[in-house]
Each structure stands twice: as structure tokens, then as C-alpha cells.
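One line per chain: the protein sequences are A and B, in this order. Residue numbering for the first sequence is 1 to 360, as defined by the working numbering. Residue numbering for the second sequence is 1 to 360, as defined by the working numbering.
Read the hints as simulated data drawn from the structure, not as lab findings. Keep in mind that the hints are not guaranteed to be accurate.
[Claimed, not checked] Derived coverage of chain B by chain A (criterion: at least 3 residues anywhere in the stretch with Cβ under 8 angstroms from a Cβ of chain A; other residues may be distant):
#	region
1	46-56
2	239-251
3	270-278
4	283-291
[As the list claims (entries may be wrong)] Calculated from the model, a selection of chain A residues having no Cβ within reach of chain B, i.e. all distances over 12 angstroms:
#	residue
5	Pro82
6	Lys303
7	Ile310
[Said to hold, decoys possible] In the DSBU-like style, the derived pairs of lysine-lysine whose C-alpha atoms are separated by at most 30 angstroms in a straight line are:
#	chain 1	residue 1	chain 2	residue 2
8	A	Lys70	B	Lys55
9	A	Lys231	B	Lys344
10	B	Lys63	A	Lys90
11	B	Lys344	A	Lys55
12	B	Lys178	B	Lys166
13	A	Lys344	A	Lys332
14	B	Lys231	A	Lys344
15	B	Lys78	B	Lys105
16	A	Lys55	B	Lys63
17	A	Lys344	A	Lys303
18	B	Lys166	A	Lys303
19	B	Lys33	A	Lys63
20	B	Lys333	B	Lys253
21	B	Lys70	A	Lys33
22	B	Lys344	A	Lys303
23	B	Lys319	B	Lys303
24	B	Lys55	A	Lys344
25	B	Lys344	A	Lys166
26	A	Lys166	A	Lys319
27	B	Lys63	A	Lys70
28	B	Lys253	A	Lys55
29	B	Lys63	A	Lys63
30	A	Lys107	A	Lys55
The beta-carbon is built from N, C-alpha and C at its ideal position, and this holds for glycine as well.
There are 2 protein chains.
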Amino acid sequence: MKPLHSKTEKVLAAFACICLSAVLSFSAFAAEKTYRLTLAETWGPNFPIFGDATKNMAAMAEKMSNGRLKIRIDSSNKHKSPFGVFDMVKSGQYDMGHSASYYWKGKVPNTLFFTTMPFGMVASEQYGWFYHGDGMALMEEVYAPHNLLSFPGGNTGVQMGGWFQKEINSVDDLEGLKMRIPGFAGEVLAELGASPTNIAPGELYTALERRTIDALEWVGPGLDLRMGFHKIAPYYYTGWHEPATELQFLVNKRTWERLPEDLQEILRVAMRTAAYDMYIQNAHASAEAWEEMTAEYPDIQVKQFPDDVINALRSANTKLLANYADKDAQAKKILDSQQAYLDKIRRWTSISEEAYLQGQ
Amino acid sequence: MKPLHSKTEKVLAAFACICLSAVLSFSAFAAEKTYRLTLAETWGPNFPIFGDATKNMAAMAEKMSNGRLKIRIDSSNKHKSPFGVFDMVKSGQYDMGHSASYYWKGKVPNTLFFTTMPFGMVASEQYGWFYHGDGMALMEEVYAPHNLLSFPGGNTGVQMGGWFQKEINSVDDLEGLKMRIPGFAGEVLAELGASPTNIAPGELYTALERRTIDALEWVGPGLDLRMGFHKIAPYYYTGWHEPATELQFLVNKRTWERLPEDLQEILRVAMRTAAYDMYIQNAHASAEAWEEMTAEYPDIQVKQFPDDVINALRSANTKLLANYADKDAQAKKILDSQQAYLDKIRRWTSISEEAYLQGQ
Chain A
1 MKPLHSKTEK VLAAFACICL SAVLSFSAFA AEKTYRLTLA ETWGPNFPIF
51 GDATKNMAAM AEKMSNGRLK IRIDSSNKHK SPFGVFDMVK SGQYDMGHSA
101 SYYWKGKVPN TLFFTTMPFG MVASEQYGWF YHGDGMALME EVYAPHNLLS
151 FPGGNTGVQM GGWFQKEINS VDDLEGLKMR IPGFAGEVLA ELGASPTNIA
201 PGELYTALER RTIDALEWVG PGLDLRMGFH KIAPYYYTGW HEPATELQFL
251 VNKRTWERLP EDLQEILRVA MRTAAYDMYI QNAHASAEAW EEMTAEYPDI
301 QVKQFPDDVI NALRSANTKL LANYADKDAQ AKKILDSQQA YLDKIRRWTS
351 ISEEAYLQGQ
Chain B
1 MKPLHSKTEK VLAAFACICL SAVLSFSAFA AEKTYRLTLA ETWGPNFPIF
51 GDATKNMAAM AEKMSNGRLK IRIDSSNKHK SPFGVFDMVK SGQYDMGHSA
101 SYYWKGKVPN TLFFTTMPFG MVASEQYGWF YHGDGMALME EVYAPHNLLS
151 FPGGNTGVQM GGWFQKEINS VDDLEGLKMR IPGFAGEVLA ELGASPTNIA
201 PGELYTALER RTIDALEWVG PGLDLRMGFH KIAPYYYTGW HEPATELQFL
251 VNKRTWERLP EDLQEILRVA MRTAAYDMYI QNAHASAEAW EEMTAEYPDI
301 QVKQFPDDVI NALRSANTKL LANYADKDAQ AKKILDSQQA YLDKIRRWTS
351 ISEEAYLQGQ
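Isolated chain A, as found in the complex (with noise of 0.2 angstroms):
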């Protein structure tokens, strides 16, 4: 080809060269906007399972994108504020975050309901709340106020009840236990003469070991390995007051809805399969972790609490919340949302899972 020389020529081609960028403008520069976005996180760096639901998470959205998704997680070394995670996301300092909504509470009280109950649903009829039921709703309109939107983030099935220095065989036995289990269902245990205590991660080995508390609860064996609480206590007790803990992904509103609409779903697919998946990523590493702790410790003793305890956790734990829907209207609005969805779907999970694993 010819170089471009008369005045005409040059005049011709910037012509068509603001043709050609107006065309891409509006079809390839547009599709190929890259947007970057953060995500601020609880955890620490590398947090096992909770901290890999944000990496794929962030992974599934940047590859689906092709790129033009990218999330950059910074974890509670960085940001140095795990639970300021609400705030950053809110005030748009952070996009995203990756936390859980019962830390919330004693900033956004309703904020509590939405990541499991004591004695409430187990993570499929939880899912079947928020997906089919009201909870998606509920949880927007608990949200909206503080310019977030928040959405499943990731479930740890049944928590298990604690690590026990003593057995618990009557309600007495639970008159001044000290133990680590903060939140809501430290209140409960409180109500029944408990004395719940809150102790940094770090330091609860040796206050185990040490028997400055008589029991803490942590996760399950997935995350309770690494801590070694079964080298040091020897009553592993079931769960009962977190069936199915839902962590959740924080949206700043204002990010969300300068995305694009294949963006926004790109996103909201992401977070709600990095979800699941860390449901069943969880429930294997339990497994793992389980079939590690028994091979090397042959003597931990698996524990339930025996009706009575059961009964009077329960009385408690529903005294307490008619407490909160006695004060508030959306409370009350929500907790009767979750009995009521609990109440048919218990139903089914009686008569399929729980009858075929008994049956087994």
C-alpha cells in the first residue's frame, strides 16, 4: 500500500479512523472494559475453605469473563480489620466482602438471622428458605438501608457443639461452665448458667489445656484439626446451635449496579456456585480431617447432649428470640418466615435423608 500524502488523503482517514473507533466504542472497547474490583475478607491470608470460597469465587468470575471480571482479595492481614468488613464494604472503601452476617449484629441487630439459628434448618432446607422461601427478600430489605447487598457465601453444614474437658449429662452440669462460643448461642447457654467467654483464636489451646474454660466450640473437624483441640480434650459433642452456617458476600450497591447486566450475573452466579461448592468442599474435609483425628487420637469420644440439655437449650433459645420479635416488627416479620419455612421442610427431611440414614 501507498503512504498517505495529500491533505484530502489525511483528512480521509482520521475520518475513518473516528468511524472505526465510534464502531468500537460501542461494540469491542465497551465489552472489553475491564473492571477491578476488591473484596475485603475476614479472614486471614490462606484461611482453609472459608478463604477458598472467595479464591474461586474470584477465579470463576475473572475466567467467565474473560478476564474483564477481576477481583483482587485482600484478607484481615491487609485491611487489618476483620470484622470492619460491613463498614468498608458499605461506605464503598471496599466493593465486596467476604464475612458473616451474625457478626453484625450488634451494629444491624436483624442482621443476626441470616447466617444459621440454634436448632433452626440444616443447609438444604436453608438454601430452600432463601432461593424459594422469603429469605433472599428478607435479607435484601435487612440490607438495603446500609447500601449492601448480601448473598450466600459459602455453608459449613452441621457445626459440631465443642470440645468438652468434662461430660455434660443434666442441665446442672451446665451451672457455670466456662466456654468459648460466643454470638447468639452464647446467650442462650448463658440463660441455662453458663458462663460464655470470648478468647482469641490464638490463645485457646492453651486456655483448653489449661482449663481457664471447660469447652469451646470452634467449626468441625475440617477446620478443628489444625487448631489440636483433640489432643487435649477428650468430649467431641454434636451440634446444636449452628446447623448450617452460611457465610455471605457483601455487594456495595453502587458497584453492583455500575456493572454491566452479563457482569452482574457473571457475579451472582459466581458467588452462589462458590457457595455450594464450599458446602461440599467442607463436608469433604471433614470427612478427611475426622478420619485423621480418630486414626491418631482412637479414644475421642463423640457426645450427645441428652434430651434434657436438648430441651432446656431449646426452651432458652426460644424464649429468647420471642424476646426480639416482641421488639421489632421486622424480627418478628423474619423469625416467623424461618419457623414456619422449618416447619414444612422438616417434614421431608424426616421422611428422606433422615429416615435413610437411620435406616442404614
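Position chain B relative to chain A; hints supplied.
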């Protein structure tokens, strides 16, 4: 702008157009290329739950790809070959299929093991085997020689044992029992003297009503409701034979390979999410349908097979599986992998979800 006149100008404009299209073909046009895939499903049009999984998957893929990946779903009324899905996707007549792996056992015996097995894993366990155990790799090995990829396509959870006209109180009651129960579970029952039959879905109601058959199994309340069996059979037995029925998405390998990487990931994630979503949708639908059935027919009796019946069925199952393993090294590898995974993860399920549900 003045119109183009001279020959030079025309050449120039043409040059600009060539440059323009060259640029576009490597960005906008390539990025905007639409891939139109076809999917044949085993189910009829508007089949609830199973059919929703394909629609959900296709909708997510289209939206996430901004219309670049469009999947046309043909139900059985269109392609006329519900059990020809394997062959139609293998040959490339369709790009994708939605069906169930165990339908192909007459054609490729080892496909039997990728749906669910009597006395096998429940859904959370089986997803663990697929995604963290050897499940996906083994499924790939079985399907690769047929130019097919297979992915989980939606789980029903524990299927009910079926509707019975008479109670089963002992193994003797199975002798001569005429039951609609197709596939491998039917073979297990036949070992104990029952007469498994297969009857077209449209004739099942009449057959059960007129006692041409004594019993039948379908799925669970969510899909059984509209079949009406609860109106004519008094006993609803809990499940043993299909604890985690996983449907399947089939993809022709050449179709998969010609998709760009971002669309492969979009398709992979859309299938994975649609599968999980169906598990939750089916739990929800079962709960709703069970409420409706029992409100209208409060005398339905839910029964569990007695222990000696369960033990006899388990022995027959073990014997038949041993036959498969003895005859075929790949079958043995798959069955050994499933059993080892089940043994490990059931120990976890027992102390978590099972213990929790029993304590409620």
C-alpha cells in the same frame, strides 16, 4: 463530510475498511461471535424440576455470555427419542443432552454408577466424591471413548421407596411382589423374589389402582403429587434404592473443544450451578407437595422397611455389585472408590447432620 470521489479516495476508504474489519475480527467480531448449541432432554416439555434444570442452565449461560452462548432445548416431543439422548449427543446430532447416566447401562455398563446406588451416598456425600474424590475423573474415563463429557445435572436428594398397596413386614412379603421399579434396583428386588416390571408412566396410575401391580416407585412428593398415587395407595415407604439421584448433562466433545475458554467456563459453571439449584428446588417442591398431599389425604402412612428387609436388600445389593466387580476391572475400580469414599464421609455425616436431625 464531503462524499468520496477520486479513485485514490475509494482505494483509501477500502483500505480503511480492510483495516477496520481486521481489527474487529480479532476483538469485537470474535468476542461477539454467537455459539448456538442444541440440547436434547429425556423429559417431555414443561416437565417440572428436571426440565427446570435445563432451562435454568441455558438462561444463566446466555445471560452470563451476553447472548454469545445460546442453547436451544428440545424436549422428547420434539426429538422423539427420550432414551436416544446418549447416541444423539455422541454422534453430534445434538451438542448437549440432559438425562441420567444409569439409563445407558444396557449400552455402556459402567455408566450405571454415576447416578446413585442403593445404600449409597446421599447428595452432599456424592458431590464430595464427584468434586473432591475420584468421581469426575472416573466418569470422564467411562464417557471419553464415546466422544462425550458428562457433568452432574441436578440431584433429587433421597427418593422415596415408593407407594405400596400392602405393608411389607418381612422378607416373605417381597416374594412375588409386582412392583414397577426399573433398572438396577429392580434387579436387587428380584434377588429376593419380587417381580419388578416396567410400565409406561401414563399407565402407572391405572395399574396401581387395579392392582395389576402391588407397588411402584417414582421420585418423591415433588414429582409424585401430579401422578396421583397418594389417592389410591395407603403406604408411602422411605427410600433405600436411590439416595442421591444425580441427573446428567452430556456434552459432545467436539462441541466443547470448539468453544472459547471463557464460554467453556460459563457452560461448566452454569451446569454445576443448575445441578445444585435443582437439588434445592426439589427439596422445596417436595416439602410443598408433601404438605398438600397430607392435608388432603391425612391417612397416608409413612413406613420404613423393617431391619430384616433392609438387611436382605443390602445383602442382595452387595452380591450383585460383587458380580459387576468380578467381571470388569473398571467397574471394580469405580465401586471400590465409591465404597471407600462412602465409608470415610458417612462417619462425618453421622456425627453432624444425622446426629443433629435425630436430636430434634
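Hints, one by one, checked against the model:
no., hint, in the structure
1, 46-56, "violated (count 0)"
2, 239-251, "holds (count 3)"
3, 270-278, "holds (count 5)"
4, 283-291, "holds (count 7)"
5, Pro82, "holds, 26 angstroms"
6, Lys303, "violated, 10 angstroms"
7, Ile310, "violated, 6 angstroms"
8, A/Lys70 to B/Lys55, "holds, 28 angstroms"
9, A/Lys231 to B/Lys344, "holds, 21 angstroms"
10, B/Lys63 to A/Lys90, "holds, 27 angstroms"
11, B/Lys344 to A/Lys55, "holds, 27 angstroms"
12, B/Lys178 to B/Lys166, "holds, 11 angstroms"
13, A/Lys344 to A/Lys332, "holds, 18 angstroms"
14, B/Lys231 to A/Lys344, "holds, 21 angstroms"
15, B/Lys78 to B/Lys105, "holds, 24 angstroms"
16, A/Lys55 to B/Lys63, "holds, 23 angstroms"
17, A/Lys344 to A/Lys303, "holds, 29 angstroms"
18, B/Lys166 to A/Lys303, "violated, 39 angstroms"
19, B/Lys33 to A/Lys63, "holds, 18 angstroms"
20, B/Lys333 to B/Lys253, "holds, 24 angstroms"
21, B/Lys70 to A/Lys33, "holds, 23 angstroms"
22, B/Lys344 to A/Lys303, "holds, 19 angstroms"
23, B/Lys319 to B/Lys303, "holds, 26 angstroms"
24, B/Lys55 to A/Lys344, "holds, 27 angstroms"
25, B/Lys344 to A/Lys166, "holds, 28 angstroms"
26, A/Lys166 to A/Lys319, "holds, 27 angstroms"
27, B/Lys63 to A/Lys70, "holds, 19 angstroms"
28, B/Lys253 to A/Lys55, "holds, 28 angstroms"
29, B/Lys63 to A/Lys63, "holds, 15 angstroms"
30, A/Lys107 to A/Lys55, "holds, 28 angstroms"
Hint compliance for this structure: hints 1, 6, 7 and 18 are not met, and every other hint is.
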